[in-house]
Amino acid sequence: MSARAAPVVASSWRVWIWLKNWLSETLTRFYPLAGRIKDNISIECRDDGALFIEARVHGFISDFLKLEPDSKQQERLLPDKTQFFDAASPPLLLVQASFFECGGLALGFYMCHKFGDGGTLSRFRMDWAFIAYGHEKELLPALDFDSGSSRFPPSKDFAVQEPPAKNLRYANHVTKKYVFDAEKIAALKTKAASPLVQQPTRTEAILPLIWRCAISASRLNKGVSMHYVMHQLVNIRNRVEPPLPQNSIGNFVQYFSVQAEDGKTELQDLVALLRKGINEFGENEAKRLSGEDAFGEIIRSSKERRETSGRDDVRLFTCTSGLGANFYEADFGWGKPIWMSVETGSNLNNFALLANTREGNGVEAWVTLSEKEMEYFESDPELLEFASLNPSVSHSKL
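Residue numbers for the sequence shown follow UniProt numbering, so the first one is 1 and each next one is one higher.
It is possible that some hints are incorrect.
Claimed, not checked - The calculated DSS-like cross-link candidates involving lysine-lysine, where the alpha carbons are at most 25 angstroms apart (straight line), are:
hint, residue 1, residue 2
1, 38, 303
2, 191, 66
3, 156, 303
4, 191, 81
5, 189, 176
6, 81, 114
No wet-lab data here; the hints were simulated from the structure.
Please construct the entire structure, taking both the sequences and the accompanying hints into account.
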């Protein structure tokens, strides 16, 4: 979800028509997005289209940006996700364009994960923006729908069922944003460094800190220690052999797991654990995904994840890094977004997402925990030494 504060000269209804036409043109490139899921294993391209909603906000975008970043008001800028589940044949893409009285515009997106991952959604937004800006001839490389489907063909053995719509919200979950500026990141990387990991990346420094503080919050809340496991989601496009093209469209995300040992949850320990996990993923699982039984490997890891998350003695924390993409780059002709957000109160509890800040030299971390554990988490002095809690974006240049 992103917002723009540049004045819209034309009337909102005209802008809505433009956006709708540009979206239609973009869907001709992402043609499966206009189709529908068939038998829960494939997409039938019948040109049914996406759901595009116009909404009007009675207020100014500058006032909206003064709200707390985890405000439930933000979710009113997103389309109703139950459309994915309540309809007999739901659309794969939901878009909502919200027009403010001042002429500001917010665009909210939901894309079905059965069609694509975060990289696919990012590419869709960029192509839509290129078309809107009149740069059709300068579009990014042609989309590749074949490499993934030929490597991982549809199978009834992996027909993923969506959860009931009533399970999409968990009242005791809360999502909050933390911002790490460039100076604090440099200090954190210095603290996180060790003989095992002498130069940690931004992801290797920030995610272990968040996980460490989440472990501490869990212990304070439960009063007992558990088995602490972290699942790190990984883009496998450039990790399998031969590599998949970067413009491959689909959901090419796997994960690796690391478990914190008793007494070894210091920051440097967790950084080393994360580095070891990503190295072993490249050496082992990525190779299995490149072999003849690639689909069997996906089924095996999916089963393992379900079994792990279902254990009462395991505290699973899932994280992903979007630092390879810049969500603030999409310009539809009114300037680049001044604000980006993710769904608050996500159905994914114990979850963290990293994204670049608008300036590109800092990191936004969106963390979802239970309300009680978030109370402990957000007051952790080690976290607050490096991160700012829920900073308002009202200081942005509008």
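Cross-check of the supplied hints:
1. Distance hint between residue 38 and residue 303 is fulfilled; the C-alpha atoms sit about 23 angstroms from each other, no more than 25 angstroms.
2. A threshold of 25 angstroms between alpha carbons decides the hint, and for residue 191 with residue 66 the separation of about 33 angstroms lies outside it, so the pair is violated.
3. For the proposed pair residue 156 and residue 303, the alpha carbon gap of about 15 angstroms is at most 25 angstroms, so the pair holds.
4. Among the hinted pairs, residue 191 with residue 81 is inconsistent with the structure: their alpha-carbon atoms are about 41 angstroms apart, more than 25 angstroms.
5. With a C-alpha separation of about 23 angstroms, the suggested pair residue 189 and residue 176 falls inside the 25 angstroms cut-off, and the hint holds.
6. Distance check on the hinted pair: residue 81 and residue 114 sit about 15 angstroms apart at the alpha-carbon level, within 25 angstroms; holds.
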